[in-house]
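Q: Each chain, letter by letter, is given below.
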Amino acid sequence: MRVMPHQVKLSGFASGGTSMPPWAMASFAAYLAWNILWLASGKLPPSMLLAILGIPCPTTGVTRSLACLLHGDLRASLMWNPFAIPFLILLALSFHALSLAAVRKKELTLPKWMAAAWCAVLVLAWLSKFLLGRAYW
Amino acid sequence: MFCSKCGAQMEANTSFCPKCGAPNPAQPAPLAPTAPPVASSAQSAVVVNVATPVFTCPFCHYQGPPIIEKKVSSNGWVIFVLLLLFCLPLCWLPFVIDGCKEETRTCASCHTKLS
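So the sequence lines, in the order shown, correspond to chains A and B.
Mapping of the first sequence onto my numbering: residues 1 to 137, in sequence order.
Mapping of the second sequence onto my numbering: residues 1001 to 1115, in sequence order.
Treat the hints loosely; a few may be bogus.
[As the list claims (entries may be wrong)] Straight-line C-alpha distance at most 30 Å; calculated DSS-like pairs for lysine-lysine:
1. K1113/B to K43/A
2. K43/A to K1071/B
3. K112/A to K1113/B
4. K1071/B to K106/A
5. K1113/B to K1071/B
6. K105/A to K1071/B
Hints were generated in silico from the structure; no laboratory data involved.
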């Protein structure tokens, strides 16, 4: 089979295209409205997952975990979210990979192993939140 | 023969691996077609050279490479919305993960959607 070089057009944010479907726009608007309503009432908006379904999200407690780590309290940091540090490492690696791709004008796509690592860390972090109990949600 | 990069089977007279697009060191690379693909969208676009089989457009009979556009798939948008609502710091992931994107191919000459 004869093959030739050709061009791939990558459009929009992160080469992902910007044609957001209407239902996604509506969800985005609902999300904005949720936050604006809470902020207008003088309160910080809570996590939607926690407020609506009563369960935490995988990244719940990351800020508090990092705050504890900065104060040298490793145990409390691990209790708030044991995957805070893996999250940060993956975030840094992803930023590095995407920056390199942008500089080289290549498609902004994470390597497969990194995408798999994100999925694994998200699932494990979510499980750990349930195992650690409601006190750390 | 086999591709030196991905190990896929390829014919000896091909210039590029049909699977990963790596050049065949035994063959000189063919020239690009005379009519280059033109980006039809007004959105900002990055153009990347890769390899693909030569095709003939069934509508205008143009022979040459198609324009391949990568966009977030429906599943990708579902993941985006779920992450947006329930895990905001990671809602950007579907835009940079290949599995959340889909390819659309259009003829470089008549701009008919091919697949």
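Q: Would you mind marking each hint as holding or not holding in the structure?
A: Verification of the hints:
1. K1113/B to K43/A: violated, 49 Å
2. K43/A to K1071/B: Distance of about 37 Å is beyond 30 Å: violated.
3. K112/A to K1113/B: Cα-Cα ~28 Å, so holds.
4. K1071/B to K106/A: Between K1071/B and K106/A the Cα gap is close to 15 Å, so the pair holds against 30 Å.
5. K1113/B to K1071/B: With Cα atoms ~14 Å apart, K1113/B and K1071/B stay inside 30 Å; holds.
6. K105/A to K1071/B: Holds - the C-alpha atoms of K1071/B and K105/A are around 17 Å apart, at most 30 Å.
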